[in-house]
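Undergrad: Spelled out, the chains give:
Number of protein chains: 2
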Amino acid sequence: MLLSGGLDSATTLAIAVRDGFDCYCLSFDYGQRHRTEVRFAGELAKKLGAVDHRVVRIDIGSFGGSALTDPGIEVPVGGVQPGIPVTYVPARNTVFLAYALGLAEVLSAGDIFIGVNAVDYSGYPDCRPEFIRAFEAMANLATRAAVEGRKISIRAPLIDLPKEEIIRTGIALGIDYGDTVSCYQLDEAGGACGVCDSCRIRRDGFEKAGVQDPTHYRRDVASPGR
Amino acid sequence: MLLSGGLDSATTLAIAVRDGFDCYCLSFDYGQRHRTEVRFAGELAKKLGAVDHRVVRIDIGSFGGSALTDPGIEVPVGGVQPGIPVTYVPARNTVFLAYALGLAEVLSAGDIFIGVNAVDYSGYPDCRPEFIRAFEAMANLATRAAVEGRKISIRAPLIDLPKEEIIRTGIALGIDYGDTVSCYQLDEAGGACGVCDSCRIRRDGFEKAGVQDPTHYRRDVASPGR
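Residue numbers (this note's numbering), protein chains in the order written: chain U, 1 to 226; chain D, 1 to 226.
The set of hints was computed from the structure by calculation and includes no laboratory data. Here a beta-carbon is modelled for each residue, glycine too, at the ideal position from N, C-alpha and C. Don't take each hint at face value.
[Unchecked claim] The list that follows gives simulated cross-link-like pairs (lysine to any residue, SDA-like), each with its CA atoms no further than 25 Å apart:
| # | chain 1 | residue 1 | chain 2 | residue 2 |
| --- | --- | --- | --- | --- |
| 1 | D | 151 | U | 123 |
| 2 | D | 46 | U | 59 |
| 3 | U | 151 | D | 123 |
| 4 | U | 151 | D | 129 |
[Unchecked claim] Some residues of chain U that are not near chain D, with every Cβ distance over 12 Å (derived):
| # | residue |
| --- | --- |
| 5 | 71 |
| 6 | 77 |
| 7 | 187 |
Okay, chain U solo, but in the shape it has when bound (with noise of 0.2 Å):
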């Protein structure tokens, strides 16, 4: 199970877990800015009923490429905009999943579960259905399990939910969203920004959803977004 500390990767985790999966969460600390979120990814974990909860140092950060890991280039805080984001970080997901894989094995797990969505992070080319299928097909070529023939199943059920959705069933679930952080610029007390893209699409998401936003704001976000 990747976690991120996210409010995807939170309601995938409960999903698995209320679909009686044994949980052993996978979290990385890549040099993103808002690293913060490796920390609630641990609360989180405990909280939702998670076996096991690792954090992996990786360092694709170095490779820069993305503005949640190279310093020098701005997180976007106008507005959500068509086409790739500059805070997509090259192959992260693949080395996500690489990384889960290889966990996988160790534990003799049949699954991975990953919260990409493709509907609002249409952006990502790593969150699309095609890729996430591509990587099981690739993983299932991978291993000794599937040399012996025992198969790993890539599961993403948020793939296709709009965010709202996402949300009602974590709310249905019993997840206080207050306990996930998004923001692609947290503060260290995880503290959102209101006004990068995330931030952006996560409270949207509870409008529609009817509900009200138990995000945390920095203090000096006077009236996030607007």
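For chain U, the structure is supplied; the task is to place chain D on it using the hints.
TA: Frame of chain U; chain D shown alone:
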């Protein structure tokens, strides 16, 4: 270009340089027993004409599950056996190629070279041609380049070659294989044990190629592999 410091990846680098590619080499420090190989990789990159060499420290060893990364699992020295050996590192080539994909994207590179070989290492699932093809298909859905119509090729020029042909190719390209290391339990000076699978396959290759074996064996190996 994935470069390990071993015989196969050195030959792959020499082939890519011959074919006119500007080679950006990537090595990993992943807690492998034979970490000395990373030093050899750096020297090979320079000597064989690479443009750049980067070492990324990754945490895949922390999952365990392999004799190469888990001190509790012995490296077998009794001779090559059928099946997947305990030196197999779960999802290793998937993780390596995922990083290479990220770097390729940042560099706008269209080709990733990997020195896998299906003949001598048929026990490793992630050295098979069908794995490489599946990774390439996935990579061509994963990235910004893919969305924009630029293809990524995963090139594995050694995949069908027996070890002796790899050696003949490399010698024709001017490689001194004394600069390469293959042993699974290298000492710090780069001395090979002579008895692990990798040493046995390598020495057998030199014998079949009719070439004197330039490997530096440890002083305490009186008659390697006999």
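Undergrad: Hint by hint, say whether it matches the structure.
TA: Against the structure, the hints:
A distance of roughly 18 Å separates the Cα atoms of residue 151/D and residue 123/U; the hinted pair therefore holds under the 25 Å criterion. About 23 Å separates the Cα atoms of residue 46/D and residue 59/U, which keeps this hinted pair within 25 Å; it holds. Simply put, residue 151/U and residue 123/D have alpha-carbon atoms about 18 Å apart, close enough for the 25 Å limit, and the pair holds. Distance check on the hinted pair: residue 151/U and residue 129/D sit about 19 Å apart at the alpha-carbon level, within 25 Å; holds.
Remark: the non-interface label on residue 71/U is consistent with the geometry, its nearest Cβ contact in chain D lying 15 Å away (cut-off 12 Å). Taking the minimum C-beta to C-beta distance to chain D, about 21 Å, the non-interface status of residue 77/U holds against the 12 Å cut. The beta carbon of residue 187/U is kept farther than 12 Å from every beta carbon of chain D, the shortest such distance being approximately 27 Å.
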